[in-house]
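Protein chains in written order, with this note's numbering: chain A, 1 to 425; chain B, 426 to 568.
Hints may be right or wrong, so weigh each one.
[What the hints assert, rightly or not] Below, simulated DSBU-like cross-link-like pairs (lysine-lysine); rule was C-alpha separation at most 35 Å, straight line:
no., chain 1, residue 1, chain 2, residue 2
1, B, K505, A, K145
2, A, K256, B, K556
3, A, K300, B, K465
4, A, K145, B, K470
5, A, K386, B, K561
Bear in mind the hints are in silico, worked out from the structure with no lab data behind them.
Treat the numbers as computed from the prediction; the structure is a model and nothing was measured.
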Amino acid sequence: MKRKFLWPALLLSGAFLTLYAFKSISVLPTPDPDNAGLVLPQGFGALKVAETGAKPRHIVVTPQGTIYVKLARVKDNKGIMVLQENKDGKAQVTGGFGDYPGTGIYRKDGYLYTSSNTEVFRYKLNDKNEVIDPTKPEKIVTGLKMGRQHETKSLVLDNDGNVYVNIGVNSNSCQEQDRGLRSAGIPGCPLLDSMAGIWQFKKDKLNQSYGQGIRYASGLRNVVGLDWNQQNNQLFVMQHGRDNLNSSWPELYNEKESAELPAECLYALKKGDNAGWPFMYYDGVQNKKIVAPEYGGDKKKEADAKYLDPAVAFPAHTAPNGLLFYTGNMFPEKYKNGAFIAFHGSWNRAPEPQKGFFVVFQPFKDGKPVGKWEIFADNFAGSPEKAASGRVDHRPCGLAQGPDGSLYVTDDSKGTIYRIVYNKK
Amino acid sequence: MVLLTIMVGGSTQLSAQTKSKQAPVAKTKAVSAAVLANGKKVYTKYCLACHMADGGGVQNMNPPLIKTSYVLGNATKLIKVILNGMSEGVEIDGETYTNIMPPHGFLTDQEVADVLTYVRSSFGNKAPAIKVAEVKAARTAKK
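Chain A with its partners taken away, still in its complex shape (with noise of 0.2 Å):
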């Protein structure tokens, strides 16, 4: 009697048991006890993916759980690395490809898209978004021009068979001697022909450099973080400003003023938009376009209304190295469509402590910025003495949506790929 009645209780709970991990765990990795690290607005929880050994840029997660991501510098030969994923949430490097140093790496209809400091390529992708043959990519786009500085070429994808490339300048502010004292800025800066601004290409032809190439927009010194805004259908970008305002002019601005001095900016740009590098920089203080002290300007004279005013101002020198439009579903509403920005953390603010070292949410609506950002993860320096003196632990860089909404952030310091969740009911 007894017996009868408890076998089906005892298979029902197994079979309810069963059910619920098996959500649980395809739905939310659990987080690190610590959070890895990080804190993170409340709910939200983070785990350390993979400790990779190497110098992740930009990261792809594709809807199978395959992790793509792009290396500063080639390990073991390599320079994209690939990682999967195990059901708790952890993965392991199962391959790599590409023999090329680089920072560019995005995803669309098939194929994957990386770069190396001069080129980009893509890798046909069969139906389970892995790479047909990595040793034969097709050489879209050759012969860009790399300096020492600035050297990465960012790239994303519209939705019109365009591919958006950032050509960084080799120079702060196109001094006729790179960042020295007083050293004026070369007339007319012909550098701009070929640098300093977001070139477009076709996403299917073959070899194509500045001849078949447009200049989408220009006067923007570095661009690492950029990301194409689905609501509105733009290219939006975070430009890296300029440095050395005390060191190169002291007489103008003090090291408090260097500190602060220009914004980093996010621009929304449509094609042949002019952020007025090297000419003016943005005072993010006294919400200005300023003059830069290169080509006479004296901190407080205006520059030329036709430049680009940024979409939006943050702290001066943090280096915004990753920029995403998060169009999940995990997270709360009011992150949907809004941009992740990773903060790589600063160098230029010496002797004022440093900044940066954490990922900030801009929130926006109809594809336009609205209300303030605020830091939503932080702590990847390790601790706030750590990022006063830059000597942090980790730098956030690339930044990729996984396919279940949650939010992948490399670092391309000590290598740590993390994944934020969001767990609560």
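Dock chain B against chain A, hints included.
Only chain B this time, still in chain A's reference frame:
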């Protein structure tokens, strides 16, 4: 790489020579508080922005000034880095850096000597002081 080995090898030899000849003078210079104070002043104004207050530099961008082959090596070669700058992106003790070092020829011989003496006796470095005469000689010597 080969070139670098030769350069580093060469500079070690040279600095050994310099050392044996000038060590006594250098020692007395190295303890001069006035030189160190002036050197620190020059460092704070012209070098700190890139090489940082602790001389540790910035990963991948600006090299450290802590026990590098340049800082501890041949005096003339070190002085020329300050006077002429450095932008070839050569390996510095196995690492490369993306930023450039602008020339600092506008500093006086005294300022160059003092800042280098300060660097050579700070951040854990222990190397002979740089004399004004050495800076003067390096400035007039061919590049």
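Results for each hint:
1. K505(B) to K145(A): Within the cut-off at roughly 29 Å; holds.
2. K256(A) to K556(B): 34 Å, holds
3. K300(A) to K465(B): 32 Å, holds
4. K145(A) to K470(B): Holds, because 33 Å separates the two Cα atoms, which is no more than 35 Å.
5. K386(A) to K561(B): Distance ~41 Å between K386(A) and K561(B) Cα, so the pair is violated.
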